[in-house]
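Chemist: Each chain is listed here by its residues.
Protein chains: 4
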Amino acid sequence: MSNSAILLIHCPDQPGLVAQVTEFVHKNRGNITNLDQHVDRDLNHFFMRIEWDLTDFVIPKEKIGDYFSTLIGSTYNMEWQLKFTDQKPRMALFVSKASHCLYDILQRYGTGEYDCEITAIVSNHTKLAYIAERFDIPFHHIPITRETKPEQEQKTKVLLDELQTDFIVLARYMQILSDDFCDHYATRIINIHHSFLPAFKGARPYHSAFERGVKLIGATSHYVTADLDEGPIIAQDVERVSHRHGINDLKRIGKDVEKRVLSRAIYLQLQHRVLPFGNRTVIFN
Amino acid sequence: MSNSAILLIHCPDQPGLVAQVTEFVHKNRGNITNLDQHVDRDLNHFFMRIEWDLTDFVIPKEKIGDYFSTLIGSTYNMEWQLKFTDQKPRMALFVSKASHCLYDILQRYGTGEYDCEITAIVSNHTKLAYIAERFDIPFHHIPITRETKPEQEQKTKVLLDELQTDFIVLARYMQILSDDFCDHYATRIINIHHSFLPAFKGARPYHSAFERGVKLIGATSHYVTADLDEGPIIAQDVERVSHRHGINDLKRIGKDVEKRVLSRAIYLQLQHRVLPFGNRTVIFN
Amino acid sequence: MSNSAILLIHCPDQPGLVAQVTEFVHKNRGNITNLDQHVDRDLNHFFMRIEWDLTDFVIPKEKIGDYFSTLIGSTYNMEWQLKFTDQKPRMALFVSKASHCLYDILQRYGTGEYDCEITAIVSNHTKLAYIAERFDIPFHHIPITRETKPEQEQKTKVLLDELQTDFIVLARYMQILSDDFCDHYATRIINIHHSFLPAFKGARPYHSAFERGVKLIGATSHYVTADLDEGPIIAQDVERVSHRHGINDLKRIGKDVEKRVLSRAIYLQLQHRVLPFGNRTVIFN
Amino acid sequence: MSNSAILLIHCPDQPGLVAQVTEFVHKNRGNITNLDQHVDRDLNHFFMRIEWDLTDFVIPKEKIGDYFSTLIGSTYNMEWQLKFTDQKPRMALFVSKASHCLYDILQRYGTGEYDCEITAIVSNHTKLAYIAERFDIPFHHIPITRETKPEQEQKTKVLLDELQTDFIVLARYMQILSDDFCDHYATRIINIHHSFLPAFKGARPYHSAFERGVKLIGATSHYVTADLDEGPIIAQDVERVSHRHGINDLKRIGKDVEKRVLSRAIYLQLQHRVLPFGNRTVIFN
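Chains as they are written, first to last, in full-length UniProt numbering: chain A, 1 to 285; chain B, 1 to 285; chain C, 1 to 285; chain D, 1 to 285.
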């Protein structure tokens, strides 16, 4: 099994950042296996992802964060996250009635493409319970009405915390989450929206796409924020359509785009390659 | 040289339409070389493009319209256009300061890819006059201010009429045309908008795309209507971008998408393959 | 339920073909809902797909073929197939050890996207039997060695005939079928090859793609012929890769392309939109 | 004007490489503005591109190579190239009769998208001389027959050397260069091949694509080696086609793919982002 550390860093740009970080790893006998950095010239902001082999690293795993913070992070006003490749990310899936994304994710999970734990499948409906059963994953039916939303979301939070869930994937979950819930899991909820955002925000995007007569339809995976369909975009893709495609064709073709865009976003998340900043993302790949 | 007729038809759907039209052609000894039809099930509307060889056709060219109208068109409440492949479409190009689309169009024209006449290059600036000169095409400098717009548009109309211009291509023309002008040339003005409509309507779409952090940028070619950026879409395409691309990169990459989307729209128009209907288009290809 | 007939026709091109066929339908009170035709100018060959509503059609379903053949087909030397939309195509799936295409197909089948019957899942391994079980579809383990191939293929034929199977999908089936088997099911076996054919024919295409340093990888769905990887192509697609992708990444990304190309080919087949001719296909869509 | 240095490095992988190089830059007061590295795990080989601002750099420009070689390069067995952003690359264009790539390149050059000098347009025909004239670039007609090839290539070499040409772009140049010529300009000649290599090597790829009935056609830009169409690939792209497209359509659509693939390769080359290694390329972008 791989035994590496991954640091995701960002801070105001200034001379010497790359050299400082690489020296920190190198001096302590870590072998850098991957390094990617980016400077946003408009914002004068620095972003970096560095991955190194821990085999000979002299700082114990549990102290790497401390040391890094003291020696470098605080000096340069860095915000950073530290991940270890031997710790499987723990992901919860939220679904409603559409099965295409769920099957796609579970097939990838089942064949080892996704190196993670699925802590739970949560749904406001029971329709897809049989799929959870087929894949032997705990299914939680948590129906939501306008009245019960606060308590049901609270119940969901408790459940996810108990299961030590790192992040949530809304795999065509047809419920708007409360601002509180969104804030609590900031940059930890990934949604798939069935349009090429910012076109066709909100409900029924395929109907709108049909009305507008577009020649391509798309899907967008993004972090969920309190501002609906406005969160940082992780992945997008499109598919060609024509006048021959009615609304049901758009839905059918769209499902394929949804599947592949969401699955790509999840893969990037599991590899710790997504760094959200403001309303944008840096994707290290 | 090819000697064919092309009929573009649309009307409320009803039984027998295809049979009636093909019989009309066949009985009069026209050989059908191309037929494409489409029924919009939501609108219950019928669309057709039929092309036939005129070599042995018994109805004289100048009377085909009359005969078709009398025998079939009026019976079925058809709206139709009749085109002949031996009549080159006459196209005017409107430009401002950006040369990429203009060069692309002129290269296609120069090598015979576009089978048409370019009647004029019209510009509100003089910057690209040298290109017109290189290609030996008349260049008309028609500067426009808020005050002079009505008279300058009138002057433009007179010019285009004198030149028997069939349609206008706005090849990155940075002036908003008046409603009058748009109406006068309804479905006869093709624009290229530098975004994937309906996302990023209006000015500075690359800036907006950058702000929103999209992962694909696009371009849209559409017929111009009085309602800005809302006309029927003819062609769209996108290109992948990432956080590494600043606004200037988006502009640079975007130019390539603009070029290929506009050139595709012009090609379809020259082949009489675009049938606008309401705010959508049927593309026979 | 829809009650339409679909005719797929091809023959040497000659004047009047479209008119004859549409008249046949129209005179007998069939309402044409879809017509697409194509003439290959190099081969001087005519192709057509016509779909009409049978509600008021005066010829009984079981006699349409006879009448069409007598009145039109034989006159014009047509080869034709007649399909009815109320008869679900019957499809068998052949798999080996990879599950991604199988899951994708079964999810589409389960949600009604594929309007067909799956008669059997046949495999030379037992690894995917559990998936068949989950979806409640009969699984047949038919192992094959060089020695047993003739008898096992014979056994397979008997099985498929009993199940009245219309066509076979090789969903990453890792066995080369005998020439006899291929001929018996000519244009009735659809394969997915994991490269952009004709590049990287044969085994281990991702290894070859890696060695060659290509910047795009692809997948190809085609009818199986005795000539390996040379049959008529139905659908192809590609995905961008880079030097960052090792062979395992190519395999991972390739799976997604395989899934979507194969699923598109199956969809076209189920809609009777594929007309193979020589080593090419006409796709009516 | 930008005043930066760019180092392109590759060597056998070993611990500490990134740290050593970044430290070299940092200690000498260079500010790293861009760093990208890659390790090929199969070959155990390391690749890096690093760009830094020279404003405060303490080593004089003309000595940077020496110092780097002595202090780091030789220790780690590195092969490296050093480039400066204030030195415009000098590019020669070879053409025959097709103008589409040439116009595309010259338009980009003329509007400043390509930051380079075009030293010459060389052609074995005179057909495109007028374009060189329009853009005011020296045109050299160097016709080649089987007999005259050695002397004409020699003449070409002398010309290019006099003009201090850094690299050559074959913009649809329809002559096979001798092995000697290819070796002399190893990884300094960029070609555009009008197919998705390795499919359809050699002459008349669109005819072969048509015969094979592919559903996508492509273009490939690669470094020229003595082994025809086998050199390291820089960029590739494809476009969708169908049975409706005859050979002339494939050629027409293919031109667009050729243009954009070649222009992308040139852009990468001008930015010193291409590192060929064996028969593959690392593209830092």
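Simulated from the structure, these hints should not be mistaken for laboratory data. Check each hint, because a few of them may be wrong.
Derived pair list, reagent style BS3-like, types lysine-lysine, alpha-carbon separation capped at 30 Å [stated by the list, open to error]:
#	chain 1	residue 1	chain 2	residue 2
1	A	Lys88	C	Lys88
2	D	Lys88	B	Lys97
3	A	Lys27	D	Lys27
4	C	Lys88	C	Lys27
5	B	Lys27	C	Lys201
6	B	Lys83	D	Lys251
7	A	Lys251	B	Lys201
8	C	Lys251	A	Lys88
9	D	Lys88	B	Lys251
10	C	Lys251	A	Lys251
11	C	Lys201	D	Lys251
12	B	Lys83	B	Lys27
13	B	Lys61	B	Lys127
14	C	Lys83	A	Lys251
15	B	Lys251	D	Lys157
16	D	Lys97	D	Lys63
17	D	Lys201	C	Lys251
18	C	Lys27	B	Lys63
19	D	Lys27	A	Lys63
20	D	Lys201	A	Lys27
21	D	Lys127	B	Lys127
22	A	Lys201	B	Lys201
23	D	Lys155	B	Lys127
24	B	Lys97	B	Lys83
25	A	Lys251	C	Lys127
26	B	Lys251	D	Lys83
27	D	Lys83	C	Lys201
28	D	Lys63	B	Lys88
29	A	Lys88	C	Lys97
30	A	Lys83	C	Lys251
31	D	Lys155	B	Lys88
32	A	Lys127	C	Lys83
33	B	Lys63	A	Lys201
34	B	Lys201	B	Lys97
35	C	Lys88	A	Lys127
36	D	Lys97	B	Lys88
37	C	Lys63	B	Lys27
38	C	Lys27	A	Lys97
Chemist: Each hint: holds or not?
Modeler: Consistency of the hints with the structure:
no.: 1; hint: Lys88/A with Lys88/C; in the structure: violated (45 Å)
no.: 2; hint: Lys88/D with Lys97/B; in the structure: holds (26 Å)
no.: 3; hint: Lys27/A with Lys27/D; in the structure: holds (16 Å)
no.: 4; hint: Lys88/C with Lys27/C; in the structure: holds (28 Å)
no.: 5; hint: Lys27/B with Lys201/C; in the structure: violated (50 Å)
no.: 6; hint: Lys83/B with Lys251/D; in the structure: holds (26 Å)
no.: 7; hint: Lys251/A with Lys201/B; in the structure: holds (25 Å)
no.: 8; hint: Lys251/C with Lys88/A; in the structure: holds (22 Å)
no.: 9; hint: Lys88/D with Lys251/B; in the structure: holds (22 Å)
no.: 10; hint: Lys251/C with Lys251/A; in the structure: holds (28 Å)
no.: 11; hint: Lys201/C with Lys251/D; in the structure: holds (25 Å)
no.: 12; hint: Lys83/B with Lys27/B; in the structure: holds (20 Å)
no.: 13; hint: Lys61/B with Lys127/B; in the structure: violated (44 Å)
no.: 14; hint: Lys83/C with Lys251/A; in the structure: holds (26 Å)
no.: 15; hint: Lys251/B with Lys157/D; in the structure: violated (37 Å)
no.: 16; hint: Lys97/D with Lys63/D; in the structure: violated (45 Å)
no.: 17; hint: Lys201/D with Lys251/C; in the structure: holds (25 Å)
no.: 18; hint: Lys27/C with Lys63/B; in the structure: holds (28 Å)
no.: 19; hint: Lys27/D with Lys63/A; in the structure: holds (28 Å)
no.: 20; hint: Lys201/D with Lys27/A; in the structure: violated (50 Å)
no.: 21; hint: Lys127/D with Lys127/B; in the structure: holds (28 Å)
no.: 22; hint: Lys201/A with Lys201/B; in the structure: holds (14 Å)
no.: 23; hint: Lys155/D with Lys127/B; in the structure: violated (39 Å)
no.: 24; hint: Lys97/B with Lys83/B; in the structure: violated (34 Å)
no.: 25; hint: Lys251/A with Lys127/C; in the structure: violated (33 Å)
no.: 26; hint: Lys251/B with Lys83/D; in the structure: holds (26 Å)
no.: 27; hint: Lys83/D with Lys201/C; in the structure: violated (41 Å)
no.: 28; hint: Lys63/D with Lys88/B; in the structure: violated (64 Å)
no.: 29; hint: Lys88/A with Lys97/C; in the structure: holds (26 Å)
no.: 30; hint: Lys83/A with Lys251/C; in the structure: holds (26 Å)
no.: 31; hint: Lys155/D with Lys88/B; in the structure: violated (46 Å)
no.: 32; hint: Lys127/A with Lys83/C; in the structure: violated (35 Å)
no.: 33; hint: Lys63/B with Lys201/A; in the structure: violated (51 Å)
no.: 34; hint: Lys201/B with Lys97/B; in the structure: holds (20 Å)
no.: 35; hint: Lys88/C with Lys127/A; in the structure: holds (26 Å)
no.: 36; hint: Lys97/D with Lys88/B; in the structure: holds (26 Å)
no.: 37; hint: Lys63/C with Lys27/B; in the structure: holds (28 Å)
no.: 38; hint: Lys27/C with Lys97/A; in the structure: violated (46 Å)
Hints 1, 5, 13, 15, 16, 20, 23, 24, 25, 27, 28, 31, 32, 33 and 38, counting from the list given before, are not met by this structure.
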